[in-house]
Structures are given as C-alpha cells and as structure tokens.
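There are 2 protein chains.
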Amino acid sequence: MMFDHDADKPVLDLTPEQSWNLLEHTSHGRLATAVGGAVDIFPLNFGVSERTIYIRTAPGEKLAALTVHDTVAFEADGILSDEAWSVVVHGTARQLQTEAEIEIARATGVSPWTPTQKESWVKIEATNISGRHFIFGAQPESF
Amino acid sequence: MMFDHDADKPVLDLTPEQSWNLLEHTSHGRLATAVGGAVDIFPLNFGVSERTIYIRTAPGEKLAALTVHDTVAFEADGILSDEAWSVVVHGTARQLQTEAEIEIARATGVSPWTPTQKESWVKIEATNISGRHFIFGAQPESF
Chain L
1157 MMFDHDADKP VLDLTPEQSW NLLEHTSHGR LATAVGGAVD IFPLNFGVSE RTIYIRTAPG
1217 EKLAALTVHD TVAFEADGIL SDEAWSVVVH GTARQLQTEA EIEIARATGV SPWTPTQKES
1277 WVKIEATNIS GRHFIFGAQP ESF
Chain C
1157 MMFDHDADKP VLDLTPEQSW NLLEHTSHGR LATAVGGAVD IFPLNFGVSE RTIYIRTAPG
1217 EKLAALTVHD TVAFEADGIL SDEAWSVVVH GTARQLQTEA EIEIARATGV SPWTPTQKES
1277 WVKIEATNIS GRHFIFGAQP ESF
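One line per chain: the protein sequences are L and C, in this order.
Position in the first sequence (first residue = 1) + 1156 = this note's numbering.
Position in the second sequence (first residue = 1) + 1156 = this note's numbering.
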C-alpha cells in the first residue's frame, strides 16, 4: 500500500478502505473494555470478514467484560524503524450464538494466543474506524 | 531473558520484575482510557523510570481523557513467529507539573509518534502489573 504524505506532513490520515485493508493483513491487536469505569486491555489475535472483527476467547474476564459492557475500542498497528501505522476501531461487541455466525468467524482463520478447549466467539461491529500512517524522523524539537 | 515454561504449559505468568524488565526494553505501547463509559485506545511511545511509565503528548483528546478519568490501562507486547509476551499495567495517570518531574520524564528518552511543539508529559503510576509469555504451536483443536 502506498502512503502519500503531503510534503512536510509526517502524519497521514487514512481512509476507511485503507484502514480495513491494513486490518485484513494483520492478525494481532488489542481490545480495550470498560466495565463500571474500570478500563482494561487485552492482547489478542483477530480475523476480519466483511468489515467485522472476529475474536475467539475462553470464558472469563475478557468475555465477561464484553458481555457486561459491549462498547469497545480495538487497535492494531505495524511499526518499522522509520514508519508506522495504527488503526483504531470503535464499536460494539457481541458473542456469537449461531453455528452460521461461528462458521464465518472460523473462516477468518484466527487462532487464539492461549490454547482453549472451550470456544467462544465474539464479533466487533465497527461504528467508527480511523487510521493513521506516520513517518518518523525529522521531528521538531520540543521546548 | 529466559522464560522457563513448565512442561506442556504454553502460557507462563511473569513476575513483576520480569514484566518491568520487558517494558524497560520496549518503546511502543497502547494506552486505554474510559471517559463516561466511552473506552478509547491510543498507540504511543513511552519510557520507564523507577517502575513508572512516562508518555509525552499534545493537548487534545488523549490528554483530556487522562485528566477527566485518571484510571488507565496500558499494554505493550512483543510478538515473534513462535513466541510472544504481553505486559498489562493498571494504574492512574497524572500530568506532570514541575520541571523536576519533567526532567525525569525526558531522561527516559521517549519520543512521540506525532511531532508536537507543545510538550505535555503524563506519568502512569502502576497499581498492578501482569505479564505473560506465550509459546505458540501445539494448540489444542477446538470443538
């Protein structure tokens, strides 16, 4: 993907299409949840299908956080020595219930970090996506 | 750092010392905030000194989120093809006010992703740190 920064602009706002394209080629992200004002963050692998994010999880803290308060934020990024990108999705999380939905989720090829016998699937439906691409280097000195 | 997993245990809980050591050798993380139930997540560079996390930011959304609701979660990770680690810190965020504090923050060598002329420093004082190390590979099939 080409990132055409305007001259002297180290930060480029990405289009939703560019942002989804980056997510579709990434497998690792972080999910942020807030339950009763207690914010938490979970690293996880994910899959993307039809602009929806799929994650597999075991019953527990993360799944409970999603069930109690379904508004979440999700982030993935890619960092090289001289450039980086980051995509943030805001949306709602919902546990998958039907076999048809779970088939779609499985087809994204996501595998969890933590081996889990008990399989729970959650999808994140995006209400907003934003992405930025950064060129490192000539940063102004701070005073 | 050596990660001594018990036989057949793909996940290893790290000690606080191991977790801080990983953070001290990492420059990129993500900060999760919750304001009025609206969870958000920000990629950023950070520094560590005396088991405190320092970030530099411009006035705006992120700084406002920290000021309104100072309980935050912070995550950093490292991912290789066959192993990964992740460290999560829960704590409180506070904007630095004194030049003495800002000197400590500057000395950590953190540089922001987004060039910023106006310099605001925030520190995250940890109330809890947890780290895990994962060995990928032989994961049980899910049913």
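Please keep in mind that the hints were generated in silico from the structure rather than gathered at the bench.
For clarity, every value in this text was computed on a predicted model and none was experimentally measured.
Some hints could be false.
Unchecked claim - Label pairs and their in silico Cβ distance ranges:
1. L:Thr1182 / C:Thr1254: 17 to 23 Å
2. C:Leu1168 / L:Ala1163: 46 to 52 Å
3. C:Ala1256 / L:Ser1205: 28 to 34 Å
4. L:Gln1253 / C:Arg1262: 30 to 36 Å
5. L:Thr1248 / C:Ser1267: 33 to 39 Å
6. L:Thr1248 / C:Lys1165: 30 to 36 Å
7. C:Pro1215 / L:Ile1235: 40 to 46 Å
8. L:Lys1165 / C:Asp1164: 35 to 41 Å
9. L:Val1167 / C:Leu1236: 34 to 40 Å
10. L:Glu1255 / C:Arg1262: 19 to 25 Å
11. L:Arg1207 / C:Lys1165: 34 to 40 Å
Glycine is no exception: its CB is placed at the ideal position from the N, C-alpha and C atoms.
Quiz prompt | Hint check against the structure, violated hint numbers in rising order | solution = Violated: hints 1, 3, 4, 7, 8, 9, 10.
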